[in-house]
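There are 6 protein chains.
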Amino acid sequence: MSGRMHDLHAIQIDPIITRALEEDWGFGDWTTDICVPAGKQSLATIIAKEPALVAGVDVAAAVFRKVDPTLSIKLVAKNGDRVDKGAVLLEISGCARSILKAERVALNLFARMCGIATMTRAFVDQLEGTKGQLLDTRKTTPGLRILEKSATVIGGARNHRFSLCDGVIVKENHIRASGGIKAAVSRLLESLPPTLKVEVEVTSLDEVQEALDAGAHVLMLDNMTVSEMTMAVRTVRGRALVEASGNVRLENVRRVAETGVDFISTSAIFHSSRWADLSLLFSLDPVVQ
Amino acid sequence: MSGRMHDLHAIQIDPIITRALEEDWGFGDWTTDICVPAGKQSLATIIAKEPALVAGVDVAAAVFRKVDPTLSIKLVAKNGDRVDKGAVLLEISGCARSILKAERVALNLFARMCGIATMTRAFVDQLEGTKGQLLDTRKTTPGLRILEKSATVIGGARNHRFSLCDGVIVKENHIRASGGIKAAVSRLLESLPPTLKVEVEVTSLDEVQEALDAGAHVLMLDNMTVSEMTMAVRTVRGRALVEASGNVRLENVRRVAETGVDFISTSAIFHSSRWADLSLLFSLDPVVQ
Amino acid sequence: MSGRMHDLHAIQIDPIITRALEEDWGFGDWTTDICVPAGKQSLATIIAKEPALVAGVDVAAAVFRKVDPTLSIKLVAKNGDRVDKGAVLLEISGCARSILKAERVALNLFARMCGIATMTRAFVDQLEGTKGQLLDTRKTTPGLRILEKSATVIGGARNHRFSLCDGVIVKENHIRASGGIKAAVSRLLESLPPTLKVEVEVTSLDEVQEALDAGAHVLMLDNMTVSEMTMAVRTVRGRALVEASGNVRLENVRRVAETGVDFISTSAIFHSSRWADLSLLFSLDPVVQ
Amino acid sequence: MSGRMHDLHAIQIDPIITRALEEDWGFGDWTTDICVPAGKQSLATIIAKEPALVAGVDVAAAVFRKVDPTLSIKLVAKNGDRVDKGAVLLEISGCARSILKAERVALNLFARMCGIATMTRAFVDQLEGTKGQLLDTRKTTPGLRILEKSATVIGGARNHRFSLCDGVIVKENHIRASGGIKAAVSRLLESLPPTLKVEVEVTSLDEVQEALDAGAHVLMLDNMTVSEMTMAVRTVRGRALVEASGNVRLENVRRVAETGVDFISTSAIFHSSRWADLSLLFSLDPVVQ
Amino acid sequence: MSGRMHDLHAIQIDPIITRALEEDWGFGDWTTDICVPAGKQSLATIIAKEPALVAGVDVAAAVFRKVDPTLSIKLVAKNGDRVDKGAVLLEISGCARSILKAERVALNLFARMCGIATMTRAFVDQLEGTKGQLLDTRKTTPGLRILEKSATVIGGARNHRFSLCDGVIVKENHIRASGGIKAAVSRLLESLPPTLKVEVEVTSLDEVQEALDAGAHVLMLDNMTVSEMTMAVRTVRGRALVEASGNVRLENVRRVAETGVDFISTSAIFHSSRWADLSLLFSLDPVVQ
Amino acid sequence: MSGRMHDLHAIQIDPIITRALEEDWGFGDWTTDICVPAGKQSLATIIAKEPALVAGVDVAAAVFRKVDPTLSIKLVAKNGDRVDKGAVLLEISGCARSILKAERVALNLFARMCGIATMTRAFVDQLEGTKGQLLDTRKTTPGLRILEKSATVIGGARNHRFSLCDGVIVKENHIRASGGIKAAVSRLLESLPPTLKVEVEVTSLDEVQEALDAGAHVLMLDNMTVSEMTMAVRTVRGRALVEASGNVRLENVRRVAETGVDFISTSAIFHSSRWADLSLLFSLDPVVQ
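Protein chains in written order, with my numbering: chain A, 1 to 289; chain B, 1 to 289; chain C, 1 to 289; chain D, 1 to 289; chain E, 1 to 289; chain F, 1 to 289.
Treat the hints with care, as some may be off.
Where chains are identical, the list cannot tell them apart; a pair therefore holds if satisfied intra-copy or between any two copies.
[To be verified] Below, computed lysine-lysine pairings styled on DSS-like, alpha-carbon distance capped at 27 Å: (1) Lys40 x Lys74; (2) Lys171 x Lys182; (3) Lys40 x Lys197; (4) Lys85 x Lys131; (5) Lys182 x Lys85; (6) Lys139 x Lys197; (7) Lys40 x Lys131; (8) Lys171 x Lys49; (9) Lys74 x Lys182.
In short, the hints are calculated from the structure, not lab data.
Here chain A stands alone, though its shape is the one from the complex (with noise of 0.2 Å):
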């Protein structure tokens, strides 16, 4: 894995995962605690109904924990394992209710992360060759983005800033707003904390001078063509870091990277991404019990 991610601690994902479960249980399961006899043991297994990369397997772990610290978890495949249509990822025994009310939270966080790891690593993979890394963006979905910027890790992207306190993008409505690029680029050299970089959006050659010129460390190509992203690539002769962003797409993805470009960026990871196809089979009295 390139981009290496975070440890997700329990003070990070508790909350997200205590906030799924009163979201999904409201006052209580009817139908499993009425039609369920409380003694009831079982053995329950999450499986792929379709090839996927592994994302997300500890926090589908750490719902069930939570619902029930006395069922045994084992986590079969690895946050980062490619599996085939039917293989088994999370093998869960114990009380019966408490897998059946942990099964819809589960599965939508395991399934929305597997989900977006799976299409960050096609991307990535059309990448193999060149120099060219994936990153991913803010365009996540409100409330989960620890857990969708950890996926695309395991998907071999790297991540983007997280959040706006840590990372600088100048965009167009910034450099209008503070006079031009120079004036923008100056006024945050001499304020910004001296760990963060400035990276400056730019559109034009012109603005690729200018941006170096005034000290930008990373330069994001905006929309560009890939002979415009080629010259560009050209006119920065490593002095800063070049990405390239807008209309980024599988059939393309691999000729902006030709380009020479440090970086890709693409939020279609979040946005257009399916979630993976995960199912949890579930048998009664198991001999393990």
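With the hints as your guide, set chains B, C, D, E and F onto chain A.
Frame of chain A; chains B, C, D, E and F shown alone:
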């Protein structure tokens, strides 16, 4: 709109918006605070960059209002409107910094809701002239269920249960755990709040009959063929509501509806819908201010 | 027990217990921290000082566990037990300070739940041999609904809806606002999640007929006399469930049930029940430790 | 009013109201949203259906305001008013949906507060002409202490401590754990914030003397007979405040007061009070709007 | 220790620690997660880099435990210990990543508490042999009062009131607003919970007499000279407790105490104390693991 | 001001203020509610009792506004103003009770912020004419980082990273754990979001060279002597930013700056600053109202 949805109340959406802003801002927006002078005014519009069914325009407006109650906000489109590429959906004018800081969260929520509503509408359009109505499911993004299920109603579907406490679906696992359909349904009829119906998942005509005999109010035909569904509808003869479920796609939804079922449920509107392509256009120092 | 209740899960009762302890402690317990040496061990028992139906013994235990996970706790009585004056319900041994600090919150919750269950049981006893079942209502103490509605089930009643989203009752105001029973019920049948029934409040035999014709699933007879109720039951002839409501007291509940209604609902179990008289007995330096 | 209570501030009651509404609404109010047109206006009044002492009219108003800040609200009665059956307490006009959605939470809080205040007043009326004042206790509904203790003050009582940090009561268990009254009181006098008094629970005249000698500021006479209390008051001769506690009922409270104690405390106003019978009357399309 | 403090309970300090970690981590610790291999073990010690009075060693331990419950933690020093430069206070061994992530929050809380306790002790040392005791105030860091007031007790002071509800101080503004000392004290004696004393701020001998006559339990001598204080103590003759307040410094505190006052209060221990200089030493791959 | 800070937004400071008020009030303010008549009006001013640099005047105003939105508030001084002893900073008029209840929280936050800003300014004044800029650190009071780091910017410093996610500092422990500077920096350059720089802590000229070779963007010279720092600056020759850290005091900060480093960081502004001495003057029944 058939399936009238709940009014969204501040008590319900404020926590979602607040969390989303905290997530997107971290300690603050370096770029905007440094580059954009505090007093700058601007006019912004959110436009559709592709045809869409509008959903969540009020939620987007609430985000801007939360960030800055002094902004002027005009809802140009209404939820439920079909709009073409280029249509203006929302106009915001006032403090430039505020608009830039609210932009991403407002768009992320709005685009997700429009995306769901647009796909829902595509399904619903297929059903025209049949008695079948589209239902949604609980395969929603954790933390956003109330918004996503609003979007399906705006798209023309009806809501299925929101959580495990406001609806009963006896699935295969419940049936086995309680010793059969008859036993499960009896227990439910004895114990449930009398305002809840009992829905039973059935996989064969025998089970259809068994569920009817047990007193089920709604039958969910699980992954049946079109001809099985036709037979099931005939067997039921109006004594229960009938819901078709499983493997419903845009291509086959009409054929499913033509079997005479009352409802067709699908999660595709959640797990396979793309976000609508929305964009915020921004002009500084507009005449309006 | 007829009306099987939900399992109470930590996600649901932990916030209630935590808030109650914060409320009862403020910055801390001066008396105990200053007077009771840190190492003192003790044995405490919670006893009933009057006959009662036990409800909430698990909640009381959860309070002690929250305050100090090292306490040994034994549930001597179970929820649903009828106990006499003097009966031991719960035994706790361990750190004396912890027991004293948990005492008030544990007793306040436990006594309230037992009080509700005990009064509920008194009503339910009156119904023996009739087909009428007791229902509760939404007149519960704000913040404690899940506990109070557990207590009614433990007392032998069934739950009515928990909130405005898991049940529909069309009351007089709704009827007038929508232009009559027929209009109101039609709209609901068109728009509701199909897993919810429609209950209509009726005040005369004409309205009984109107509601039946409109397709209501449950009729709530509002403040009718016994003879009106008898007539209503005959009119309905099993085509809908019938609930008697209004002015139900211990003295008349059996007569109401004998009219043949399916349900009798009462809020008295919430607004007019006394707390059970429970007490914590405490002995220092017990042999057990 | 003798025991002046705290102003209730939004910071303190907002979380109670918000939680109560979330509890009562779940995902929303199907009945109202479907049956009542969005634009309908109405006028509602909350009336007393039995004589009562008003408490919480401001809290009820705050519930309506929270649900809909555009409602017009008029507090017809004030906290502390004695009202007859039929009296109007609160008038609300505006959006019909908002009024219906706020109704249950507003009434549940208001009726509980009036019920406590009314019973408190009955006790206080018994004390007229004696120097004894009624005190409340910590046997309050978890989560609502601030409201319930406001109600007792409105009813004419004084508050005892709100929590374990704003008052000290040395009970039997503390006495035994610290090696006697003298030891316990000495430790407290050495360590407490100097703004807190020390109250000691005593069960005999010997203990009265012991507590006085130790320097206790308040003596709680625990379950003493009237003649024991009379002796205790004589022994004390004004050197400490004296509180009678235990087994206080409406029938005997005056006799207790006539022993000359300063305070009589009772939990009955919390654990044995009924809610006042309040009701919301509702008329659509009033002239006012 | 004179002023015995409250046990700090998880319910009280957990939210402080959780918020502090969320604040310090944001989305996560890039440096540690990328540079330190997941399996690395280490041994860390927190040492004092200057002489100090230890306070908060349990809080620091709780931070490490919160971050990683599998860490081994040994409290080498106890709260209240006087330690020299170089002393080891806490040992932690286990996962290197966890230790590095907890370090800053643990040290920030621990150093602040030690700093307060150390300065408090310096004041208390000055008082040796006098009857005067040091009191703290409410000039504490917002959000950390419970920790900071624990530190003063560990340092040998007694706590003054924690908040506006657990103590009464009638200041000049209250006196004027209520029409004089006599009026203010009377109202308080009529209305307060009987477990609270009344403290009055006085600025002259006349006011001392007035407050005594009114029945005040504690007098706060506000910014008096040493000779005024001596006179005040003589006037009071033990009929009330006397607290000296205002302009108390290490250099003059003993002289103030020698006037015979019972208490000397100072905020300097909060607003003018430096953090103790603590440091975490870290060694990888220790023998212990 | 060099280091432009973030706008403080209500979403960020409201929770801090609300928690602080809850902490300071507990169940309420007995003294004020009993002594001060509800209708009393007053005028209050917050003044500086010593020369100070103003910071947090907006935060103090927000506290008063939170307590009572009807108060009139005038910010007489602005953040960044240098004021003399006696200067008026804030004027508040309106309900006397509200002002008294807000006083302590407003002053505690305001005095802490002014204290930090004032000490920061003293450091910054020393740097005049050098190119060195002052940086802050993460040694902030847990829970108040956003306020304390605002204060440093107001005092003329620049912010260093706010948390572990918005800046990278490779410290000695990270270096050892990853096998050296080169290895650590490489991994970071491969994996970090491209908008973050890599800062490396170095302790010798060899390490300076090693870090430069590895591609570090910022070097933190750790506890070097002035002559070592001079050498380090010469070695770097502008190829990286250079930060001096460790043992920086008012007395030596200028000499450090004269070595030519870009930044000098210090925690002293947090751990060793006193609160500014601010006071609230209060007059009843002012003409203004």
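Violating hint indices (sorted, rising): 4, 5, 7 and 9
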